[in-house]
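Start from chain X and add chain Y according to the hints.
For reference, the chains in residue letters:
Number of protein chains: 2
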Amino acid sequence: MDKIYRVNMTELKVREEKCPSKYAALGGRGLTSTIVNDEIPATCHPLGAHNKLILAPGLLSGTSAACSGRMSFGGKSPLTGTIKESNVGGIASQKLAKNNVKAIIIEGIPKDDKFYILEVTKDGVKILPAGDLAGLGTYELNKKLWDKYGKVGVICIGVAGEERMCNAGISVNDPEGGPGRYAGRGGLGAVMGSKKIKAIIVDDKGTDKVPVKDEEKFKQAAKAFSQVLLKHAVTGQALPNFGTAVLVNIVNEAGGFPTKNFRRGRFDTAANISGEKIAEVAKARGGEGKAVHVCHPGCIIRCSNIYPDKSGKALVAPLEYETVWSLGGNLEVDDLDKVAYMNRLCNDIGLDTIEAGVTLAVAAEAGLAKWGDGDSFIKLLEEVGKKTPLGRVLGQGATVTGRVFGITRVPACKGQGFPAYDPRTVKGVGVTYATSTMGGDHTAGYAVLQNILKVGGDVNPLKTEGQVDVSRTMQIATATVDCTGLCLFVAIACLDLPEGLQAIIDMINAEYGTTLKVDDIAKIGTQVMKTELEFNKKAGFTRADDRLPEFFDEEKCPPHNLTFEIKPEELDKVWANI
Amino acid sequence: MDKIYRVNMTELKVREEKCPSKYAALGGRGLTSTIVNDEIPATCHPLGAHNKLILAPGLLSGTSAACSGRMSFGGKSPLTGTIKESNVGGIASQKLAKNNVKAIIIEGIPKDDKFYILEVTKDGVKILPAGDLAGLGTYELNKKLWDKYGKVGVICIGVAGEERMCNAGISVNDPEGGPGRYAGRGGLGAVMGSKKIKAIIVDDKGTDKVPVKDEEKFKQAAKAFSQVLLKHAVTGQALPNFGTAVLVNIVNEAGGFPTKNFRRGRFDTAANISGEKIAEVAKARGGEGKAVHVCHPGCIIRCSNIYPDKSGKALVAPLEYETVWSLGGNLEVDDLDKVAYMNRLCNDIGLDTIEAGVTLAVAAEAGLAKWGDGDSFIKLLEEVGKKTPLGRVLGQGATVTGRVFGITRVPACKGQGFPAYDPRTVKGVGVTYATSTMGGDHTAGYAVLQNILKVGGDVNPLKTEGQVDVSRTMQIATATVDCTGLCLFVAIACLDLPEGLQAIIDMINAEYGTTLKVDDIAKIGTQVMKTELEFNKKAGFTRADDRLPEFFDEEKCPPHNLTFEIKPEELDKVWANI
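If you read the protein sequences in the order shown, they are chains X and Y.
Following full-length UniProt numbering, the numbering of the first sequence begins with 1 at its first residue and continues without gaps.
Following full-length UniProt numbering, the numbering of the second sequence begins with 1 at its first residue and continues without gaps.
The following block holds chain X by itself, in its conformation from the complex:
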């Protein structure tokens, strides 16, 4: 991978650049965040001509490494104003890597008001008119593109992105051509929309395998890596059997499952929307439903699923933990069919499901929908697709919705809504929500592992002790994993089985001829964090932005009846000495 394509949408021209040597060792998030920090003026308007959208496969993408199908999108977030990296599975990353693409940098804004499509092949990148593909929902769009181009990778936006709604994600298709894999958080779909790109097609026809310097060494390391993933209970059993929604009962039991807009940490009927229930329904209904499914070839964790409707037709894939929480428990909705339908609506319109659910809960606070009444929330989501004023507000996410309707009880930091773990009861992830470089986010530093799953350590989720350290460690480790193109779930296995980390390092060394050591993992992640913190500082962020909304310090969360308790000066220690 040594090509960088620079796509100038103002001039409608593409330039192929050789990857500069300073970027050679970078991939995925490490590369997108470095380019963002190097090239984007930090105070620019995120939807203006000076922001850029950067795509980069991970270092191991396109190889035979298990679970290496992630790619990163980077830019300045219109939702948060911070730097943003959002990575995603699906089938495009491996195809980009096979096309020898290190990164695509999309800049400028077209002078006219038309939408375009980018077509990436081994011969380069073409800018084509989108014609009547503009305005389509992502399901119809994906179908039309596969009809025309065959089983290509499809990176696209829905109406939300076209309309520059700040909760717009970027969809990547799965092996069945469904648009359910989302680089959801942070609104980069709106950035893609601002650049008037409806879809990016990635065709790997005629490409070779990704070059690997030492094939034999790579093969051995890849095998060892797979064994680690299969051996660990979470990646080898829990996730393959029940998907990420296996967490519903676990987090609910722990009292950290935010219910009714973070009013309490336990939802009485959570079992109705659990991973176990999803598997049961998929099995019972049969047809296209699948309890186990991959988002890209070579995944052996297979946490994805296909949720069927009553007739057995695929309704949505995947139905994930964060989504059954955001569109389910957080709204007191326990009807799985309605949750799945809302998930499909979000995918079709092009919305991040986490932010969408947090937003709907804020809308319920404003009296626009009724707790527990799935249909009332479905109506609100439909407003977004119709682009009504109300729909446009909801499409902006929870913070703007709260502001427009005068609601102060908005669980968000730096403008991004909180995911499926109450920060008062799972305090480590609360530290991550406050201090991540990208606003309220769980994957940025998934202390749920140590707090709840007791993977990679055991830190009492209800106590303040140790949370700052565990969040920092996880944020740095995650930044490293996000460079590799590996799914973050591999970290679950590697934290308990250290031979996994060695295998990752061995694979990278075998592919690139480098001499990295396991000790370098923290260095890589630390450098990514430094880069991102530097951008945010230039953009005007300070530690004063690393605060949870005040109700987490004042309202006790049942059943444990705790507030967040971690003090600002503790939070400030996360990045004090980086």
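Any given hint could turn out to be false.
Treat identical chains as interchangeable: a pair holds within one or across any two.
[Stated by the list, open to error] Below are the DSS-like pairs computed for lysine-lysine, each with C-alpha atoms no more than 27 Å apart in a straight line: (1) K556 <-> K196; (2) K196 <-> K370; (3) K111 <-> K260; (4) K126 <-> K114.
Note that these hints are calculated values from the structure, not bench results.
Only chain Y this time, still in chain X's reference frame:
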């Protein structure tokens, strides 16, 4: 003035406190900003229980000093997130001072959802139920309150404030009982609404004159001060004859009158909405119309006016320069009756007219109204009053409206829309928009004086040279004036006639027995700025927030065809050494 009333809206209790000695020398903005910085957690939610609303008459309020009827409102702004002071004329300030009120600090939020009224008399402050006064427009509200309480001072909010819309201002009544004097900018009406206070009645029945230590000395100084105001061409002639809208033709001629959402600096038919035209219509229609009017007893500048409808009935008072610009030229509307009607609508709903007009222009960019079509803009304003989703968006101001509708061409800084001077053509005020402690604001440092009116200096408005210094000087001087309770317009005279400054200092010394010198004026203002900058720093603001939107650096403004040109590093010099 030595009483501080602390009104706790959570407990519905009032506590009378003796003014602490550290606040004794402070008044108006100096006092509100100091209390804000001392008492409000800088990172709190502006509409939550931790924000406070602080009222303080100026140091000279209630005395016989000419033009001393201003009072300050302070708090954390829900529009900008910064510290906010907004001062206003009308009849309440003098009555507060006569009641010996140094400040009222309103804190907490009621537990129920009902609105209240505060009644301030010589005996203290009472919290009364608002009953069916809640929900009323400010015109009807003011009428009902005068019917019940007599000609009291009325401080109130409209529906916009009740609904916590961030462009809600606070109205103070004029001598005729009209609600046209607004502490408009920064959304403190939403803070008052969040505290569930519909109105504050100020009755000075049974009060004495404000005590003055040296009556004779005060009388002499007050006389000298009046003479200065009457002598200067602007305060003695231009403003009394044509009101502030005398600026329309002047600024338009200078090419700095932002037209069609800051697309150019000259509006072909500006004369139709000029001060001269207002005076002509008021004279021709007769009836209640007045080209010259005072906003409070003792004003000798008399820049206010009463604009009559076709039948001679008062439609709105006053019709000011900033408003005929925001609801007129900025929308390409040159029909004075429609502009006046929009102004009345804003007053009635409780919106700041500047932000409202900037917002309507952004709405026109989004295709929601038609440039030049007054009726289309009137319809949008009516949506605000009806509290529809669209109306609630518009009630949030220009920045949120731009975000909801995907418009990047929003003339605003720190979330507050720009007033009636194009920063590319009147560069000194552009520096103020960028660097004021309260977002885009002209009164914070009115370099228009030196740039256009050639008062207090002559700095070419089209050149970058000298603008940073003139903006800083004006921001500091303004901060001082805002402490006194004097109308900012007195500065116009005092900048050219230094005996005016001496007279102000003499009046303060005579009232309080202090020994201030003219040299202390800059020190007082500098201390206010330091206090405000300190609060903003704690709230997370940095110099990166002191930037104009990028289109001012890229689009040239006809007729002079200039961009803003002043570089970030120049802007950063404004507060580098304070």
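Any of the earlier hints contradicted here, and which numbers?
none
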